[in-house]
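Engineer: Sequence:
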Amino acid sequence: MPAEPDAVEIRVVACLVEKQRTTPDVYPLSLNALRLACNQSTNRDPVVDYDEQTVSDALRQTALRGWTRLASGAGSRARKYRHLLPEALGVDGAELAVLAVLMLRGAQTPGELKQRTERLEGFGDLAAVHEVLERLIERGYVVRHPRRPGQKEDRYEQVLGGGEAEAPESPTPEPAPPARSSFGPDAPARSTSGPVDGPKDDRPSGGGPKDDRGAGDEEFVNVAEAPTPAEAADEVARLDRLEAELLELKGEISRLREALGD
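Residue numbers 968 to 1229, in this note's numbering, belong to the letters of the sequence shown in order.
If you are wondering where the hints come from, they were derived from the structure by calculation, not from laboratory data. Since this is a predicted model, take the numbers as computed values, not measurements. There is no bait here: all hints are sound.
25 Å max Cα-Cα, derived DMTMM-like pairs, lysine to aspartate or glutamate:
1. Lys986 <-> Glu1054
2. Lys1047 <-> Asp1016
3. Lys1119 <-> Glu1105
Label-pair restraints from in silico Cβ distances:
4. Pro1116 <-> Ser1039: 49 to 59 Å
5. Gly1089 <-> His1112: 20 to 30 Å
6. Ser997 <-> Glu1101: 29 to 39 Å
7. Glu1225 <-> Glu1198: 33 to 43 Å
8. Gln1007 <-> Arg1046: 18 to 28 Å
9. Leu1051 <-> Gly1089: 16 to 26 Å
Even for Gly, the Cβ is constructed at its ideal location relative to N, Cα and C.
Build out the structure end to end from the sequences listed, making use of the hints.
Structural biologist: What follows is the structure in structure tokens.
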């Protein structure tokens, strides 16, 4: 048996409480009636679609917790079930009504609880609802979620099944770090065939004083020297020779093809 009841167990026992109060003539509930109550599309959040096996498994677990029990005799045509929450939790009728609505519809404001418990209990005013909530909080059955910006009331949530913590507000994104300069101690070394635009090295060459920075702290990149006119002419001549050799090879290939064709 899990340490805490899961969402199916919470829904099952809350439906038994609701139907006992709202439709006492059909209570206790058969397995099929309880399944239909769990899967209602009204007064439920979230809306679910349990099958009979899922509900039956939840009834077995809640029976082990002392929350439910089989209510029909051996000769009954259908097995029926009832809840035992007042005895198991030590709650009164008003506290049970509030807990049941919280189980069925999640976190709610006192105003919503007053309206939605009308069929189960009926509270004269909001102060009565607040009194019940405070008692449930003291006993560890309910927690209060402080109001957020734009909300008028605190919200309350049952925690018999561990509760579902409300989603936190989105954190404020941190500003992006400033882009690193292309120059400086952390700049990656790079080389290029052309001059680099950047601060000039005003340090004296030759015998001038040197600063105490290490080899890894150089602020400037090495720039390849431009070729001399003589070197450029030699490169052009080399490319011309390669082009002539390529043309000669193409001609030789053409003659070989013609010979093979003959």
